[in-house]
Amino acid sequence: MTGIRLHAPEPGWDVEADVVVIGSGVAGLTTALRCEAAGLRTVVVTKANLDDGSTRWAQGGIAAALGEGDTPEQHLDDTLVAGAGLCDEPAVRLLVTEGPDAVRRLMATGAAFDRTSDGEISLTREGGHHRRRIAHAGGDATGAEISRALVEAVRARGIRTVEHALVLDLLKDDEGRASGVTLHVMGEGQHDGVGAVRAPAVVLATGGMGQVFSATTNPPVSTGDGVALALRAGAEVSDLEFVQFHPTVLFLGAGAEGQQPLVSEAVRGEGAHLVDADGVRFMLGQHELAELAPRDIVAKAITRRMREQGAEHMYLDARHFGAEMWEQRFPTILAACRAHGIDPVTDPIPVAPAAHYASGGVRTDLRGRTTVPGLYACGEVACTGVHGANRLASNSLLEGLVFAERIAADLAEHGPHREGVARTGAAGAVLTLIAPEARRDIQRIMTRYAGVLRSAASLTAATDALEALRQGAEDDRKAAEPGVDSWETTNLLCVARVLAASALAREETRGCHWREDHPDRDDERWRRHLVVHLTPDRSPVVRTTGTADFPPVTP
1 MTGIRLHAPE PGWDVEADVV VIGSGVAGLT TALRCEAAGL RTVVVTKANL
51 DDGSTRWAQG GIAAALGEGD TPEQHLDDTL VAGAGLCDEP AVRLLVTEGP
101 DAVRRLMATG AAFDRTSDGE ISLTREGGHH RRRIAHAGGD ATGAEISRAL
151 VEAVRARGIR TVEHALVLDL LKDDEGRASG VTLHVMGEGQ HDGVGAVRAP
201 AVVLATGGMG QVFSATTNPP VSTGDGVALA LRAGAEVSDL EFVQFHPTVL
251 FLGAGAEGQQ PLVSEAVRGE GAHLVDADGV RFMLGQHELA ELAPRDIVAK
301 AITRRMREQG AEHMYLDARH FGAEMWEQRF PTILAACRAH GIDPVTDPIP
351 VAPAAHYASG GVRTDLRGRT TVPGLYACGE VACTGVHGAN RLASNSLLEG
401 LVFAERIAAD LAEHGPHREG VARTGAAGAV LTLIAPEARR DIQRIMTRYA
451 GVLRSAASLT AATDALEALR QGAEDDRKAA EPGVDSWETT NLLCVARVLA
501 ASALAREETR GCHWREDHPD RDDERWRRHL VVHLTPDRSP VVRTTGTADF
551 PPVTP
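Residue numbers for the sequence shown follow the working numbering, beginning at 1 and rising by one.
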């Protein structure tokens, strides 16, 4: 137990529940719906509105072996290849075998996927998949449709929700088990200010941490709050160095910061080509799937070509689609491009890699349990072992769906543990908060030194610069005041330090972790997982597992 908590006022209000779910994407809302159906009093806490998480931004779709001739075994093979030797095969097997029925249950909840003229689910291909197995909705608005359906179901069933609430810290009982969370509600409503939801089961479904970089596809709420909370609570995280940079993000200029428009992999799945300024298709010969190679391979190829030519971006050429296909299959992307003065019908789209997805996260077992009893995690915040060193396209929504159902099943079977005596507030040393203006410094440090290209020198520079920010806050007598901006910035610094420490420790190139000074994959030394916890003085401790097996979780 670290004994660390954020500097915040004591809770001024309380809510009692059996389960509190933090996050309202596919993972969080599916968990809440299944827990409520099992008769568990469930509360959903979300940072903005119920539909403002990462799920609604998902364009491509959800992967599952739903098509004729496709099998879970083939889906498993593609996932293992993309994961570059670090996937946990039992977790992947569970994902691909339970996935198809989980998608069908999602449809029964109300999600309407695109259909062919004969009524079958319309399927497309994305990078790393050898078959068409990506179900989509609204052309390229899959996440928005899934979010709509789940939000409507949550509201129809009367599940209690607390919106505009930033989770702060985990509450524990006298046995060290989770007993709820503290949170801050932003603005007026039924609750205001710092309060607590007291529940013997806490489910983290807080999404990613893309905002740790200057340019990302993640929404502004993705500040690593769940990973930071888990670390402060004494939980272990794993494989945080594997941050996937999406190869084709709309290039808005070298100085563009914040959330950037994504150009879905499904565009390449339908036949778009990656070309340089001279119109040369540079992915030919790089991989048997060319533009549909796994994302790490495409991102590296784009970055390498940019360096060779001194260019700031490459191009995605889909002019051959024609206006009708663009308008029907990719209306969201078409509108985003046109809003920035680019017409994909007549012009190639300028693209460059940007931070997209965290393959690592809070370490869990196959029932979503973390190393802290009573604390669960699922979705992007979790590390289930499914993604390995590089997530296969469109496996993320499926992972959130499948593991949410497994968490709910575990809670329904065993019931929330209530034997300990809950504490009135979060215990432990109070953490000095980082000033909000340091947020851009953190993002620029990480982008410059721990982005697509990494080395010992760059990662040491990142580690030193991040430590200087932390020390500066410790030494400054005018420490930042408690508030949403300072809490988020403090969370970002926490996850940035752990990510940089992990990336520095892994001296090889594997999946989406690219070390210029160690350009080869080294299975003998590094086909291992990195597991990190915080010491009471907030220092990340990185250990390497003895084998490639995903280490067991024993809460």
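I should point out that these hints are in silico values taken from the structure, not numbers from a laboratory. Beta carbons: idealized from backbone N, C-alpha and C, even for Gly. Please note: incorrect hints may appear among the correct ones.
[Said to hold, decoys possible] Calculated lysine to aspartate or glutamate pairs in the EDC-like style (CA-CA distance at most 16 Å, straight line):
(1) LYS300 - GLU516
(2) LYS300 - ASP517
(3) LYS300 - GLU312
(4) LYS300 - ASP276
(5) LYS300 - GLU73
(6) LYS300 - GLU120
[As the list claims (entries may be wrong)] Okay, the calculated beta carbon distance ranges per label pair:
(7) LEU453 - ARG525: 19 to 29 Å
(8) GLY85 - GLU437: 37 to 47 Å
(9) GLU324 - GLY415: 31 to 41 Å
To see whether the hints hold, each was checked on the structure:
1. Simply put, LYS300 and GLU516 have alpha-carbon atoms about 11 Å apart, close enough for the 16 Å limit, and the pair holds.
2. Distance check on the hinted pair: LYS300 and ASP517 sit about 15 Å apart at the alpha-carbon level, within 16 Å; holds.
3. Straight-line distance between C-alpha atoms of LYS300 and GLU312 comes to about 14 Å, which keeps the hinted pair within the 16 Å bound.
4. Between LYS300 and ASP276, the direct Cα distance comes to roughly 14 Å. Compliance with the 16 Å bound is thereby established for this hinted pair.
5. For the suggested pair LYS300 and GLU73, the alpha carbons sit about 28 Å apart, so the restraint of at most 16 Å is broken.
6. In summary, the hint linking LYS300 to GLU120 is not supported, as the alpha carbons are separated by about 36 Å, beyond the 16 Å threshold.
7. About 21 Å separates the C-beta atoms of LEU453 and ARG525, a value consistent with the hinted range of 19 to 29 Å.
8. The hint said 37 to 47 Å for the Cβ distance between GLY85 and GLU437, and at roughly 41 Å that hint holds.
9. A beta carbon spacing of about 55 Å between GLU324 and GLY415 contradicts the range 31 to 41 Å that was offered as a hint.
Of the numbered hints stated above, those contradicted by the structure are hints 5, 6 and 9, listed in ascending order.
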